[in-house]
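Student: Residue numbers (my numbering), protein chains in the order written: chain Y, 1 to 151; chain V, 1 to 151; chain S, 1 to 151; chain U, 1 to 151; chain Z, 1 to 151; chain E, 1 to 151; chain X, 1 to 151; chain G, 1 to 151.
Hints were generated in silico from the structure; no laboratory data involved. Just so we're clear, the structure is a prediction, and the values are computed from it rather than from any experiment. Even for Gly, the Cβ is constructed at its ideal location relative to N, Cα and C. Incorrect hints may have been included.
From the structure, some residues in chain X lie toward chain Z, with a derived Cβ separation under 7 angstroms [stated by the list, open to error]:
#1 K24
#2 H59
#3 D60
#4 H61
#5 A64
#6 K88
#7 N93
#8 A95
#9 A98
#10 G99
#11 L104
#12 Q117
#13 A119
#14 A125
#15 R135
Number of protein chains: 8
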Amino acid sequence: MTLSVYLSGEIHTDWREDIMAGCKAAGLDIAFSSPVTDHAASDDCGVAILGAEENKFWHDHKGAKLNAIRTRKGIEDADVVVVRFGEKYKQWNAAFDAGMAAALGKSLIVLHGADHQHALKEVDAAALAVAEEPRQVVEMLTYVLRGTLPG
Amino acid sequence: MTLSVYLSGEIHTDWREDIMAGCKAAGLDIAFSSPVTDHAASDDCGVAILGAEENKFWHDHKGAKLNAIRTRKGIEDADVVVVRFGEKYKQWNAAFDAGMAAALGKSLIVLHGADHQHALKEVDAAALAVAEEPRQVVEMLTYVLRGTLPG
Amino acid sequence: MTLSVYLSGEIHTDWREDIMAGCKAAGLDIAFSSPVTDHAASDDCGVAILGAEENKFWHDHKGAKLNAIRTRKGIEDADVVVVRFGEKYKQWNAAFDAGMAAALGKSLIVLHGADHQHALKEVDAAALAVAEEPRQVVEMLTYVLRGTLPG
Amino acid sequence: MTLSVYLSGEIHTDWREDIMAGCKAAGLDIAFSSPVTDHAASDDCGVAILGAEENKFWHDHKGAKLNAIRTRKGIEDADVVVVRFGEKYKQWNAAFDAGMAAALGKSLIVLHGADHQHALKEVDAAALAVAEEPRQVVEMLTYVLRGTLPG
Amino acid sequence: MTLSVYLSGEIHTDWREDIMAGCKAAGLDIAFSSPVTDHAASDDCGVAILGAEENKFWHDHKGAKLNAIRTRKGIEDADVVVVRFGEKYKQWNAAFDAGMAAALGKSLIVLHGADHQHALKEVDAAALAVAEEPRQVVEMLTYVLRGTLPG
Amino acid sequence: MTLSVYLSGEIHTDWREDIMAGCKAAGLDIAFSSPVTDHAASDDCGVAILGAEENKFWHDHKGAKLNAIRTRKGIEDADVVVVRFGEKYKQWNAAFDAGMAAALGKSLIVLHGADHQHALKEVDAAALAVAEEPRQVVEMLTYVLRGTLPG
Amino acid sequence: MTLSVYLSGEIHTDWREDIMAGCKAAGLDIAFSSPVTDHAASDDCGVAILGAEENKFWHDHKGAKLNAIRTRKGIEDADVVVVRFGEKYKQWNAAFDAGMAAALGKSLIVLHGADHQHALKEVDAAALAVAEEPRQVVEMLTYVLRGTLPG
Amino acid sequence: MTLSVYLSGEIHTDWREDIMAGCKAAGLDIAFSSPVTDHAASDDCGVAILGAEENKFWHDHKGAKLNAIRTRKGIEDADVVVVRFGEKYKQWNAAFDAGMAAALGKSLIVLHGADHQHALKEVDAAALAVAEEPRQVVEMLTYVLRGTLPG
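Same shape as in the complex, but just chain Y:
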């Protein structure tokens, strides 16, 4: 069984690398995908390719739509969507991805610290697992693919 996993959300820590490295070390058969995590490129991609906009709304609009080509592909192809909410920022795109994943019937794993627990209760309620650490995601994917538990 090969698993497709999309890693959505926070882009300012190394959680994606931690999960991918952990799964690779465990020899799991997983195809990972993720949004573009280069913040500057992600913000400016629309105008850089399709032409400048004076109005910041349309500047952002062009970029967000171009990013959506990659994001939709990643979510629609995924068996499992992992969404991480970091400590900072609004991260509405992470919650938006979680809503898409839920509506498409994907297995949803949410990753966040205890302080966000109440604010994320609707997102957590749609998930099959809520974790705090990337290590737990590696352990879950190991269990899903191998049936073995840590330790």
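Start from chain Y and add chains V, S, U, Z, E, X and G according to the hints.
Tutor: Quick look at chains V, S, U, Z, E, X and G alone, frame taken from chain Y:
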């Protein structure tokens, strides 16, 4: 043409009442639905009916799932989903609803102030309209149903 | 908001009547449906109409398929599927209905006593609510439609 | 033609191994998948990875949801879902899987002893074949892929 | 519970009238639909409205497509599709409708005499009931809606 | 049988009124819908409600998206989509609507003059009928609902 | 571009071999599938594996359902479904397959002699091509994959 | 991540070759497909294989349907559909393809000159990007797959 409209998001101002009153005054044929907007009831509904939980996570979990019965029904039955982001709080459930609406192919209208523009760019990019005032939503629904413009 | 509710499962107690009476007393706008609960008619409907079978397997087969016309219609039209597991019998058709409801994206409410908790964990995990008493179902449907809590 | 086959249900006998060995011996092009069949791991996976729960309900809930990531993937990817009901236990998860498979339009094969015939009539009625022995499943899969009959 | 029933197939006997009259006499809440049963109009509708064709293939083609507007609507809106195969003619359109109904997940009832049993085995295998007489269809619909058996 | 019919395409002649008047005169049970046909309102609706744009592209973009709320609702609710191509203009939105209708499995009727025959061959190939006059559409809808032919 | 092609219908002439040989000679990248074409095996597969039936209806029923595992897989995986109607027999299963293919949005090619033209008009009306000779199917598949015409 | 891209629309300039060459030079992992771009073959394929037609409408009809086998396969398999509108001709098939792509939830990129901006506003409104040059499409696909911007 009758239109089903779901009003998602912020629950601390009267924006829903403004839109419903405006549409009623205009005589529009619209069936509105919305989440439970009584904050205390919404937070505690799960444990109030299904039994107390010591752990706050499960307290919230039970409530969020019970609320999901109403939310899903509202979104799935809707032709148009209006999602409002207020000035305060994380409002991740609003973004989650927007993601569900987008994935289900609903016509999405997003309502927020200019200061949230950059943080909401992915949500706005999935919308058919982005407005700031409830009055504009009334005007759009009037145009959609009647073909007439304000003024 | 009108709600369609399908009441699946156990047929040897009055739980359906309790829920319907409670919702009627509360004045809720709900369209209930359910399988045929006359055990003898349900078992023999196939051969009674389509001709006798010597082999018990085909006797049952004809009846089960005829009942499926009603069951599928009820589940597919439902917003909410309530599945009750009683104290006795295998009740595999109840779990089968729950699986169909889950796969079709219906809001699932499971109703069972504490002694069945472990055996029903997979079914409960797919549900939006797990209750023990019909009264709790009435209270949940009241909350979903009205936003009000008991007491 | 490659066939994807999910083997659901009873975990206390070697029926899965029998089917897989028989198909391998026949040289059939089949990709098998199945739930985790290590009973202890399956029961405790949720708390082992995501943290202990005092309440047995939530202990089971966490585990059942984590197992659902694997189960859903297996059923959704399958062309054929084989569900075996053993002699003992409630096995409601087996009937739940059968309901999901039926609702998703999968080809369903049910495997059970004669004594369960009446109790499983609704499940059997949704199946394309009802067998008693793993050998028969091997013979059917051989026929489906090769067009040849046993003997 | 209101039931939508589409009556497909043979147009040279009164079986539709028998079923509709029987259901009306029983006071059942059913919305019936059916293809145009005026053979001459059905054959010539395309050219009568859209202009003559020299080639018989296109004459038939225009008519068959115009009839498909009604047929598709009837089948797609139906809960139950009843397909009758009469004694004569190829009746490939009846089998085609049955295939559409099966693929769309409709409850399929097939009506035919014993002499067609072997030739219709694939169609019967997709059905929830196989009957010989219109009276049996009335009895089944009565059972589905009321839970009562004849006699 | 009630039919929902969406009238897409050309907005500079009275073809919609002709069809609606003809069907009304015939007493047909049809619910018609259509895009906003006030050309000026349709072009400017976005900026009139949501604020002016300097760039003509975004001026048009806002308007086209607002119009899409009505268009999508009309097409998705329709049983039959009639698309008329007039003598003038590019009318790419008409062909776009036809593509949407085809992909959604709607019964498509195309209405155009003989001079557009070659250019519209792909659109016509997806249609169930190709006509030249609104009168023919009335006759077809009469036939679909009543089974009677003109004259 | 690889194409999946399912060859349904008549089993008494070599038309499948002709098409497969022609496509192989042309070097086309096509994955063919088809029903079991061994008439005796196809008729008796159910009872041979799952046990004898006294009643011919259930004998046929078991076989038809077992064959359906292969047929459904073939049609659902196909891009193109070719259905051939031969000179003899009722061939209702061929028309049934065509109906399934049409409902699932598959590209349908129908193959039959001129004498069946009127009786097959509804099936032909749902097809993208109607041909008389296997050679024409090879030519069409060559054109679809290569863009080249014969001669 | 492998991307499937369908290149629809104008067939009289080298824009497809430009995009494919640019993506190849960049080493992108993309599977391109497109309609048959040999204008004469595309117009005559139907009659060349399936027999001549006197009436030009049916000549075109046969060809358009045969081309649809390839077109549908290309669009349905695509992650991204690029539709180019050239300077000349009606190009209704391009807009039709765009409508199909939008209804199927494909990521749509539209390519056209500034003079078509107003006429294409509805098509552009359904797109995730609107570009003028093939080079921009190469840059977008590079960004989608690699996350890198030009320059």
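Student: Please check whether A95(X) passes as an interface residue: C-beta within 7 angstroms of a C-beta belonging to chain Z.
Tutor: holds, 4 angstroms
Student: Given a cut of 7 angstroms on the nearest C-beta pair, is the interface hint for N93(X) held or broken against chain Z?
Tutor: Given a least distance of 4 angstroms, the restraint on N93(X) holds.
Student: Classify the hint on K88(X) as holds or violated, based on whether any CB of chain Z lies nearer than 7 angstroms to its CB.
Tutor: Nearest chain Z Cβ about 11 angstroms off; hint violated.
Student: Quick check on the hint: A98(X) CB to chain Z CB, less than 7 angstroms?
Tutor: holds, 6 angstroms
Student: So, R135(X) near chain Z? Judge it on the closest CB pair being under 7 angstroms.
Tutor: violated, 19 angstroms
Student: Under 7 angstroms, Cβ to Cβ, is where K24(X) needs to be relative to chain Z, so tell me if that hint holds or is violated.
Tutor: At about 29 angstroms, which exceeds the 7 angstroms cut-off, the nearest Cβ of chain Z leaves the hint on K24(X) violated.
Student: Closer than 7 angstroms between Cβ atoms is the bar; does D60(X) clear it against chain Z? Give me holds or violated.
Tutor: holds, 4 angstroms
Student: For the hint on A125(X), does the least C-beta distance to chain Z fall short of 7 angstroms?
Tutor: Holds, because the Cβ-Cβ distance from A125(X) to chain Z comes to roughly 4 angstroms (cut-off 7 angstroms).
Student: Does the interface hint hold: is H61(X) within less than 7 angstroms of chain Z, judged Cβ to Cβ?
Tutor: Because about 6 angstroms separates H61(X) from the closest Cβ in chain Z, which is inside the 7 angstroms limit, the hint holds.
Student: Next item in the hint list is A64(X). Is there a CB on chain Z closer than 7 angstroms to its CB?
Tutor: Holds, because the Cβ-Cβ distance from A64(X) to chain Z comes to roughly 4 angstroms (cut-off 7 angstroms).
Student: Take the shortest C-beta to C-beta distance between Q117(X) and chain Z; is it under 7 angstroms?
Tutor: holds, 6 angstroms
Student: Please check whether A119(X) passes as an interface residue: C-beta within 7 angstroms of a C-beta belonging to chain Z.
Tutor: holds, 4 angstroms
Figure legend: structure checked against the earlier numbered hints; hints not met, in rising order: 1, 2, 6 and 15.
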